[in-house]
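Below, each chain spelled out in residue letters.
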Amino acid sequence: MRTRGLAVGPEFLQWFGLFGAALTWTVQLVVGFGVTIARCGPANAVLGVDVKAWEVALMAAGIALVLLSEGAALSVLWETRNVDESGPPPEGRRRFFAVAASIGNLFFLVIIVLSGTGAVVHQPCHPA
Amino acid sequence: MSALPHSGKATTPRAVARVERARLARPNGWWGMAIFVATEATLFGTILGTYFYLRFNNLHWPPPGVPEPKLTLPLVLTAILVSTSVPVQLSVSAAARGQLPRARAALLFAAVLQAGYLGMQLHLFVHDVHEFPPSGSAYSSIYFTMLGAHHLHVFVGILLTLWILIRTASGLTSYRMNGLRATAFYWHFVNVLALCVLGTQLSPLA
Amino acid sequence: MRGLRKEISPNRAVFEPGERERLRRSLGRAGRIAIGAAAAIVLPAAAWAGNGQNALHPASKQEHAISVLWWVMLVGCSIGFGVIATLLLLGWIRRNRDYLPFGGRDRAGTAIVIGLGVFVPIVVLSILFVWSDLYVLKTTDAPAANSTRMSVRVIGHDWWWEIRYPGSRAVTANEIHIPVRTRVDMLGTTADVIHSFWVPELNRKVDLIPGRVNRLLLDADRPGEYRGQCAEFCGQQHAHMGMTVFADSPDVFQRWLANQERPARKPATPQAREGERLFLSLPCSGCHMIRGTGADGTIGPDLTHLATRDTLAALTLPTKPADLAHWIEDPQRYKPGSKMPGSALTSSQRDALVAYLGYLK
Amino acid sequence: MATTVTEPGLRRVERLERIWVEPRGLLGWLTTTDHKRIGLLYFFTTLAFFGAGGIEALLMRTQLSQPEEKVLSPETYNQLMTMHGVTMIFLFVIPMAIGAFGNYLVPLMIGARDMAFPRLNALSFWLFLASGLFMYASVFMHAAPNAGWFDYVPLALKPYSPGRNIDFYALGLIFNGISSTAAALNFIVTIFKLRAPGMSMNRMPLFCFAMLAVSLSLIFALPSLTIDLVFLELQRNLGFHFFDVPHGGDPLLWQHLFWLFGHPEVYIIILPAFGIATSIIPTFSKRKMIAFPLVALAELLVAFIGFGVWAHHMFATGLPTITLVFFAAASMMVVIPSTIQVFAWTVTVALGRPEFRAPLMFIGGFIVFFVLGGLSGIMFAAIPFDQATTDTYFVVAHFHFIIFGAAVFPILGGMFYWFPKVTGRLYHEGAAKFSFWLAFVGTALTFFPMHVVGLLGMTRRVYTYPSSLGWDAYNLSETIGAFILTAGLLLIFANLAYSRFRGAPAGPDPFFGGTLEWTTTSPPPPYNFPVIPTVKSAYPNWDVEDRRADAARLERGELVFDEGHETPASTVVDAVPDEIVEMPSESPWPLAVAVCTGLLFVMLLTRHYAVAGVFAGLALLAVAAWHAKEPLET
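Chains as they are written, first to last, in numbering that gives the first Met the number 0: chain G, 0 to 127; chain C, 0 to 205; chain D, 0 to 360; chain Y, 0 to 633.
If you're looking for bench data, these hints aren't it; they were derived computationally from the structure.
Being a predicted model, the structure only gives us computed values, none of them experimental.
All the given hints hold, so there is nothing to weed out.
For the chain G half of the interface with chain D, some residues (derived, Cβ under 7 Å), not all of them: (1) 102; (2) 109; (3) 113; (4) 120; (5) 126; (6) 127.
Result set (DSBU-like, lysine-lysine): computed pairs, CA atoms no more than 35 Å apart in a straight line: (7) D:360 to D:60; (8) D:265 to D:319; (9) D:360 to D:338; (10) D:338 to D:319; (11) D:60 to D:137; (12) Y:157 to Y:69; (13) D:360 to D:319; (14) G:51 to D:137; (15) C:69 to Y:157; (16) Y:628 to C:8; (17) D:60 to G:51; (18) Y:287 to Y:535; (19) D:338 to Y:69; (20) Y:285 to Y:535; (21) D:360 to D:265; (22) Y:157 to D:338; (23) D:319 to Y:69; (24) Y:535 to C:8; (25) Y:432 to Y:287; (26) D:338 to D:265; (27) Y:285 to Y:432.
Glycine residues also receive a C-beta, built at the ideal position from the N, C-alpha and C atoms.
Could you build the full structure based on these sequences and the hints that come with them?
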């Protein structure tokens, strides 16, 4: 998406702030879910998955990445503190997405922590 | 605002090249294909996901009596297919510079390779069907569904390429240029897909 | 347009005097609405305790945990609803006022949205997650393998329940007997499509799925009859797939089980003997088993002790002679689509069959 | 805006009229590429399906009005129950909200002259119509789908459903999915590329954010349904094995793939309602939406997180607890985008100067039902409670509050709100308000008691129930409510039909709306805007100076684009004007493609695979013929 005369730095921060956390959670969900399926399926006899290790690793990496993208969002938010969120692009638009991202990333942080904790607290493959 | 490039009026290679230079963002056609590719990618994502879901659901994979997937021939064929991304991309950049003959030559070359690939793959496919029919087990069902879906996409890609070749025979317009861009994008996608499918297909060997 | 333009221009006026009072008064209203909303749901539900299939009338530790979860969530939700309803009412009350609170500026509004719309829910929902999905879940999930002294196998069929007692020859249908205050491991699977085993007053539900054995704890804390029903759509007669759990004192249960293990009683009266002969000669024996006779069908329920059951065809009819007769003559009238065909019998043949079945105690 | 146009301006307008005119009469409708006409086609088609689904619902409610009722046979009931779900979801709510409202409004709101791919737009309508007729053909053959709208295997496999019923379902939904995918793709590109100069993403109307979110959801959700249905057809008709245990398949695979689509689907249903609410509320509260960026974010987030909660439909299948917690956590958090919006809406009303005209009242009803349904929705994220109440009437109550109370009320409100724009006339306010109260009371009376009866143990999808369980009174009141609701709906449509011919003239902007559709005449001309508006805020119609500047530019001939069938395209993020695109005009080929595709699916249904191949080829040829005509050659 090329647009006239934009510095790359703030652009990258804004988009990473917006999408970083979301994509992190996606990975945690898909891999984390896949691991439990692999661990609790018949094939585990040959695969031998260590589910806790996976989930802990996923949660840790996830938290780190989400904090990074929240940091990016907050930095853009600070950069554009004097800009109106419906103001002219690119600053106005950066402000707009930074406001959104700085709140949105919180949800992903909470989801990653909660589901990670749950996957660790419960004993593997005990049917609900 | 009349300074804006008018893609509709660009009906000569030179005019098309001018529009291509002046444009800031990608054309609607490219975006259309991008979204289409996104949904296609999801489609294959679910197919590959299903493959591994069923794999986790079975102790023996492939099940007893079904041969392990062949290694070399699929590898070679996929390498050939993936390599066609180069001529396809060359064709786009040539057309964008207004060099229509070169663009069509590159495209034709790619189409020949892709057709050859498809022919060989279909031969393999039929051979496998006789060896372990899809109705045999979950493994063979997902195996043939996955490969069949990919071959279908290659076939569609070849149709698109032929269509562009036919249309550009009577010269280049911005409309056809967009078509070419879209087709090229589609091919790059199908080639990446080929790698994913191959990886999945060969996963039992790992 | 011009006028409108002026109205929406930001940064005018400050907090109007009197607005605070109005806010405070209508917050009192919020409380009343919350209580009203709660009452609207609670009263009718609580009013009905005695139907034997009431998820809010727990008869076990597990179901009790679930209903506590429900009541707490209900109160929380009522408060949430009250807050939102209040804001809507504020709008309604203010509809004819010609000033904008907070001078039409967004700041205060945004603060409310972020406070009530983001931070409060994040905290509340995280707590709910930890409580319900980490803690309560541990009481309602499947019992740890071999952690119970007895277990009962439940096999779903279109459209009835086959019940077996591992370690015993007893086989019955649609009526599960368990000893009270005893942890019983229900091992559920299915013979055809997916069914779902649910006895609301005893525990949550669990699906019966081909190729899997799903487990559920049955642990009634007081004697009684607990009604259950198939909860997953399973075809034409999904509606007529009920079952009853009888929680009896251990000795009553043991007597019942001992009786169920025995082969069928031999009929004593000539009419009943005629009935047995008919049963074995007619198609009946192709589908039904009566242990101790030649009847060894496995398609329909085991009838060895039919007369000890209260109901027929998964709680569709009572096991009274009259109903039994109607059922034998034309099952499709009571349960269209059921696998049992009607049979053309003379009234004497029919009475003989009923008499015989009445013997199967 | 177009009040004081003088000579040069008028001449330009006349030229536009000439360029954008479409054939009159039936032919015009069959070949149209005008997004407004296609929107109307969608509107009336989906309305017809709404009628069908409603009749099915009333028949079911009659059967359930009292215990052991004998109005319907169990088989008929199960077919009606399945078709009611399929119709309301795939043939009414989604095509109504996206096809009708989206099609008509999105180009108007972003200041474009049509969708990005007008002929594709026509195609998605004709495909939708064909798929709907395809599925309803089954009803008249008494072979309608009968395994419930989520069609669980093995019940849906050959041994238990030997008839054509399930094939109608599977093929019909694949067919319908093609149409939805085409529409979604079109919306995304339109919203990305055709926004008016200056409408950078932070100035995009919230309705368009909702439509963008919906379209993205469809793009990423539909494939898993499609592939699931393909698996089903392969197993039913060609002996493949995906879902049967003996050959290494798994019945739960169907459920995973179905709900991976099915839950985003719920948000696909509700998001346009959010969009409509966020259009109506600022207009009648006479103030900008509070927390605008957060509401935009919430609309995108709810669509996104919606992909990570599918297994909460499978909590009772005995999956391992470590698997379930992922989905429970996401199900808890997916609530928050909704709480953001609910508070943004209510606070905007509370802090604005609300004028409770009918549309805003419908939005009020929407908020009440959405909150009720949302709160009971939170409860399902608590696994043990979900396991107790799933597949009971408690769930039926929950999702009807959401997909009827919350999804349909804004659609009804939106019908009143945009009625003047579409017809140029005003609806009858009093009747509209009365019909609102009828519908509101009817909805509450129909669906609220279902909570109670569900907790009392009534499971869903039962064609009858015994009277011994104390469910009778609740069910009777539900049936009564259903008929009150029907009366309300009929009054709404009577009002609209009457006002269409007798209503008072509305003028371009009767409600002082903030978005661009109100800057043009009612009904809008085929080219939408004589001059492409330039945008400096999120509510451009309230920037009076800019609108006056438009009029001036029409005089000067700036941004008029009257040299051809043209519309400007801009950059994706910041809407910098980029190029002039020649738009295609009316074409018969989309209809032809749809017809061939329809026959293709009929042949698949009847297992004439060779003939099906022929029709596939014909469809491809039709597509080629369509693209052989390039826009400039009009």
